[in-house]
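Asks: Line order of the protein sequences matches chains A and B.
Everything in the first sequence is counted per the working numbering, starting at 19 for the first residue and increasing by one.
Everything in the second sequence is counted per the working numbering, starting at 2 for the first residue and increasing by one.
Worth flagging that the hints you see were computed from the coordinates, not collected in a lab.
In this text, a Cβ means the ideal position worked out from N, Cα and C, and glycines have one as well.
Incomplete in silico selection of chain B near chain A, CB under 10 Å:
hint, residue
1, Asp49
2, Val50
3, Leu51
4, Leu54
5, Lys55
6, Phe57
7, Glu58
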Amino acid sequence: MIVADRKPIEDIKEMLTPYKKILMVGCGTCVSVCMAGGEKEVGVLASELRMIDKMENKNWEITETTIQRQCEREYIEPLEEKFKEADIVLSMACGVGVQYMVEVFPEKIVLPALNTTFYGTTVSEGEWEERCAGCGECVLHLTLGVCPVARCSKGLYNGPCGGTDMGKCEVSKELDCAWYLIHNRMKDLGKIEMMGTFIKPRSWKQSLNGGPRKRVREDLKK
Amino acid sequence: MSNDFDPKIVAFCCKYCAYTAADLAGSMRLDYPPTVRIVQLLCSGRADVLHLLKAFENGADAVFVAG
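Chain A extracted, bound-state conformation (with noise of 0.2 Å):
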């Protein structure tokens, strides 16, 4: 899933501040399961703002509102009319949410809400930590399961690098090396031997050195 923070309260009140119809967008996808922009974060921060504006008169009217996902039109579209009356949106999900809900109603300004960090995954309640980079080119074959472009601090295809102590980062102590889990995974799997395989420098061009990337299915278009 798509990992995000929510912006600081000192932020979201700047940037809503010149505005008075205040319309709030929570996505129910991505962002509900990280609980940084789903249908409660939206009631969290709604009640906050509205705390705000009775204690500093901001004159504020807020509308809340969750859709199932911010990234796909079939799901913003039915939106229009809340969108006409608003005179600012705030977006509750990932930056693909923001920037779509801008290309399905041009004529609005929509403001993040979020601080869209990482693909990542849950690893205990309350904590979330990155597995993908969206690299584009997928090595997971390679490394066992243990992805050396997102979990490394330095990207290495070929590790570990002199910076490993005791299985952690020299970037941070909280973080694990991931070549020292890459081995031990070649070591617990009897695949040892991998760790000899030299693993060819690649062209970055599918990761986003090549500009913002775009994925047709010829058959599928229509």
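Keeping the supplied structure of chain A fixed, place chain B upon it in accordance with the hints.
Replies: Coordinates of chain B only, in the frame set by chain A:
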């Protein structure tokens, strides 16, 4: 803050323990401030952050959950 500040307190109470205790206080003619407003829940596990915020939004000075 002046000395006559009389805080409005909202209490979210479990029907089976805390609310029963408040009920018993009534039966025993024990006093507690009228500014404590009790909301009965079937279980204090039902209490949600949105309930607490709603109480604050509507002017509560303090909110507590008992169960």
